[in-house]
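Start from chain A and add chain B according to the hints.
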Amino acid sequence: MVKKLICIECPQGCLLSVDIENCRALKVAGNKCPKGMGYAISEIENPVRILTSAVLAEGLDIRMVPVRTNRPIPKSKLPLAMEEIKKIRLRSPVDAGVVIVKDFIESGVNLIATRSAGG
Amino acid sequence: MIERDLVIVGGGPAGIAAGISAHENGVKDILLVERDQYLGGLLNQCVHTGFGLEYFKEILTGPEYADRFVKKLLGIKNIEISLRTFAVHLTKNKVLTCLAPGVMKEIRARALILATGCRERTREMVHIPGTRPSGVFPAGLAQKLINIEGLLPGKEAVIVGSGDIGLIMARRFTLEGAKVKAIIEIQKTSRGLIRNMVQCVEDFDIPVYFGHKVAKIHGMDRVEKVSVVRVDDDFNEVAGTEFDIECDTVLVSVGLIPENELLETVGNKTSIPGLFVCGNSFKVYDLVDSVSKDSELAGKQAAEYLKRLGGLRKVR
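Line by line, the protein sequences are chains A and B.
Letter by letter, the first sequence follows residues 33 to 151 of the numbering used here.
Letter by letter, the second sequence follows residues -19 to 296 of the numbering used here.
This is chain A alone, in the form it adopts within the complex (with noise of 0.2 Å):
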């Protein structure tokens, strides 16, 4: 079967065509570069999603720590991801880009600040 899917990796939106056979895709028209391709594939065998979200601090300079995963997780744990973000309290300041958790709900990915907090 054939399935329309729109491509989020740039902000251009390619509307792909994808030919699936037994939830594997096989071939994939539309997209304006080689990324589209590997979109394509991955939402239809295995959908991922970069999360972003923010980290309660406690006596840091600032209240919230934004961070994000540095690779995209699988769709289905961002519920998971979620609930785990919430229970993290930043005590030590951090720069942009540290490492927060490691190996984050054991996904192979870390869960990253992308702004610096201090003391």
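Think of the hints as simulated: they come from the structure by calculation, not from any bench.
Careful: at least some of the hints might be erroneous.
Listed next, the in silico DSSO-like pairs over lysine-lysine satisfying Cα-Cα at most 30 Å (straight line) [said to hold, decoys possible]:
(1) Lys119(A) x Lys8(B)
(2) Lys57(B) x Lys8(B)
(3) Lys107(A) x Lys37(B)
(4) Lys134(A) x Lys74(B)
(5) Lys51(B) x Lys72(B)
(6) Lys161(B) x Lys36(A)
(7) Lys64(A) x Lys168(B)
(8) Lys159(B) x Lys119(A)
(9) Lys118(A) x Lys51(B)
(10) Lys124(B) x Lys109(A)
(11) Lys159(B) x Lys107(A)
(12) Lys118(A) x Lys124(B)
(13) Lys67(A) x Lys273(B)
(14) Lys64(A) x Lys273(B)
(15) Lys37(B) x Lys67(A)
(16) Lys74(B) x Lys57(B)
(17) Lys64(A) x Lys37(B)
(18) Lys37(B) x Lys134(A)
(19) Lys35(A) x Lys109(A)
(20) Lys36(A) x Lys168(B)
(21) Lys36(A) x Lys37(B)
(22) Lys85(B) x Lys287(B)
(23) Lys37(B) x Lys109(A)
(24) Lys287(B) x Lys118(A)
(25) Lys161(B) x Lys35(A)
(26) Lys159(B) x Lys35(A)
(27) Lys74(B) x Lys107(A)
(28) Lys109(A) x Lys135(B)
(29) Lys118(A) x Lys205(B)
Same frame as chain A, now just chain B:
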């Protein structure tokens, strides 16, 4: 009175890029005033990705994009930064009055760059009738409450407007455990990027009502529900199509307006030499990357203006 070669009002992406550029083009006496307690402006609350694709060829979150520029700015000794400093008045001779904790300062700027950003269009400006209970927020304010203050503005929301801010907040609200019952869009298609329809709306199965508007907000102390109605091609309400959605929060995402109050304090509309405006206070941008590029140009123009005047101060 204190006199400075260049004063920049606003420490968001526009002001920072303009300051760095002015310095690179020869200005060594620069004062940047920022009303908040930190630099970075709006970018600090934009925790989502989508920034820097053009400028850095990378996909960054708002705070990461800001961090790159803030670090570069802080590395320049000749740029004095005054936080918690609010510019309240400007004269046609470029004398700026600023309020900082415990002090009021008057500064004469030989060149002045206004980078004061934008504000949000409000519910009143788009005439949404009904009562005025608590729980009605401009979408960007809700974003600030969640991402900066750590407060969840409500539990069940209806979002007015399908621009990017509305869509981004639909996702943010849902991720934080609240329910977005509907997005109401008066036009026939989304105002925002298609990718946001996918990753903010479809991903979370949020209903979108195109060609509809909020006819009324109900509630005594707190929002209780909204009445939604279909509109025709002339945006008039179609009788008999009204229905209610129960909610405790209304997020209003209906556009941004350049923040130009400071210019209005000048009084008579005269042309002021040596005054430059950049960033969202000049015009509302879609991409911060373009803000950075255009603001660098403004900084360069300010430098060129000062060089023509002569007498550039060396080091402060």
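How the hints compare with the structure:
| no. | hint | verdict |
| --- | --- | --- |
| 1 | Lys119(A) x Lys8(B) | violated (47 Å) |
| 2 | Lys57(B) x Lys8(B) | holds (9 Å) |
| 3 | Lys107(A) x Lys37(B) | holds (25 Å) |
| 4 | Lys134(A) x Lys74(B) | violated (52 Å) |
| 5 | Lys51(B) x Lys72(B) | violated (33 Å) |
| 6 | Lys161(B) x Lys36(A) | holds (26 Å) |
| 7 | Lys64(A) x Lys168(B) | holds (27 Å) |
| 8 | Lys159(B) x Lys119(A) | holds (20 Å) |
| 9 | Lys118(A) x Lys51(B) | holds (29 Å) |
| 10 | Lys124(B) x Lys109(A) | holds (26 Å) |
| 11 | Lys159(B) x Lys107(A) | holds (18 Å) |
| 12 | Lys118(A) x Lys124(B) | holds (17 Å) |
| 13 | Lys67(A) x Lys273(B) | holds (26 Å) |
| 14 | Lys64(A) x Lys273(B) | holds (26 Å) |
| 15 | Lys37(B) x Lys67(A) | holds (14 Å) |
| 16 | Lys74(B) x Lys57(B) | holds (24 Å) |
| 17 | Lys64(A) x Lys37(B) | holds (17 Å) |
| 18 | Lys37(B) x Lys134(A) | holds (26 Å) |
| 19 | Lys35(A) x Lys109(A) | holds (24 Å) |
| 20 | Lys36(A) x Lys168(B) | holds (21 Å) |
| 21 | Lys36(A) x Lys37(B) | holds (28 Å) |
| 22 | Lys85(B) x Lys287(B) | holds (26 Å) |
| 23 | Lys37(B) x Lys109(A) | holds (28 Å) |
| 24 | Lys287(B) x Lys118(A) | violated (53 Å) |
| 25 | Lys161(B) x Lys35(A) | holds (27 Å) |
| 26 | Lys159(B) x Lys35(A) | holds (29 Å) |
| 27 | Lys74(B) x Lys107(A) | violated (53 Å) |
| 28 | Lys109(A) x Lys135(B) | holds (22 Å) |
| 29 | Lys118(A) x Lys205(B) | holds (29 Å) |
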